[in-house]
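Asker: If you read the sequences in order, they're chains H and R. The opening residue of the first sequence carries number 1 in the working numbering; numbering runs sequentially from there. The opening residue of the second sequence carries number 1001 in the working numbering; numbering runs sequentially from there.
Bear in mind the hints are in silico, worked out from the structure with no lab data behind them.
Between beta-carbon pairs, the in silico distance windows are:
| no. | chain 1 | residue 1 | chain 2 | residue 2 | range |
| --- | --- | --- | --- | --- | --- |
| 1 | H | A14 | R | D1108 | 58 to 68 Å |
| 2 | R | T1099 | H | E51 | 51 to 61 Å |
| 3 | R | R1151 | H | D88 | 42 to 52 Å |
| 4 | R | K1060 | H | P90 | 25 to 35 Å |
| 5 | R | D1108 | H | F84 | 34 to 44 Å |
From the three backbone atoms N, C-alpha and C, an ideal C-beta is built for every residue, glycine too.
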Amino acid sequence: MARGNAERLDYRRAGARMEAVRGGAVIHPDPGTGVAAFGSVRFVAERVEGEIANRRGIASGGVRVDTARGDTARTERVFYDGDFLRSDVPVAAEGPGYRVDGRGMLARTDGTAIQLTDGVVGQLQMEARP
Amino acid sequence: MTGAIILLAATALPSGPLDFNARNMRIEPRERRVLLDGDVHLTRGDLHVTGEHAIAEYAKQSASARKARARKAEAAAGGQTVERFTVRGNVRVQRGSRTATGEQGVVDVKGQTLVLTGTPETPPVVRDGAETLSGERILLRLDSEDVDVIRPRVVLRRSLADEGHAAPPTPVKVEADHLVLLQAHRLARFTDDVVLRRGDAVARSPRMEARYDADGQLTTLELRGGVDVRQGDRRATGESADYDAQARTLVLQGDPKLYDQGDVLTGDRIDLALDSKEVRVERARGRLRPEAHKREAAAQ
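Isolated chain H, as found in the complex (with noise of 0.2 Å):
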């Protein structure tokens, strides 16, 4: 179940095509699918364009992802294609035990499995010593 909010929103019935400005949403994902492991998902952008019954759109203007899990991420902008979400520009993402940059980024939107591409440089955290 997605809910969503937004400054501003344009919906045009034809095509189902959506413009929003300031946008928002949250994402309760259903249990044992791949997103459930991240909890709540919460996707906030300053623009938010898309074709809802093609699924398919661009988010841009700085983008903001964060998971009840703890998992955060940022990008200036996010393609969104059926199943996949791609970023051809900077990543910054940090969660539980793990901190990354990235210049590129490629997701399942299921959530089983979140790339980050084009080099990637940054830190894992290692279990203390007894």
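Starting from the known structure of chain H, arrange chain R on it as the hints suggest.
Answerer: Then chain R, alone, in the frame of chain H:
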């Protein structure tokens, strides 16, 4: 090689985050792991590990931790830690002057160990300068720098005491089923089917300890549990044997016996000089057949 390894200063792997870079990183939250691909470089303190792929596996969270997280979401942030990472493909490990290579390296963070494996064609190797130690499986202890090797193959180059010897240095090669290097004790302990080769001399024994001085130079080899030494036609046996690296002599004790082309000698102790092939027997008794050595005398 063992001497070189033993010389290295022991510094525990510092706690804290592991720095990495790679071409791609894949986060798989359900499997609690992170996969790194392409030119992977991992760094922690003075430990550098490179390879083609790496998998970092996170520790399972306890039930109490999960309950705490449920109560307070922010508690989860930074709450997961990597307990093990596996690096595959042209793995190279560097720490100080020591480097190691293999096909796979597994770091157990809690256990503070790094296990290197390879293939029969390209076994894992630890190098320090020109010195090399290879084996079927090499376990490096990251907190003590002790090393545990399955089926080691070692060339004891640092055992070559040159002073006062006209003969060129002869490498001592050792094979065994198991080797443990105890850094703090300057000791290399070989066990199970130990085979020592030096020039044409071959010694076999169930176990052997190599001891080093503060400079990493081999001082003695102590073979125990029954020793069989062969050099050309000559064979010697005893309960124990001590090799003095400086004198280049092997001293057999414990019912020592020497068999040499019909000669059979026994005594309290038999000293074999491996370079000159001279033999000294204390409280000797036995049988000599000088006619068997006529050919040697003529050759001299």
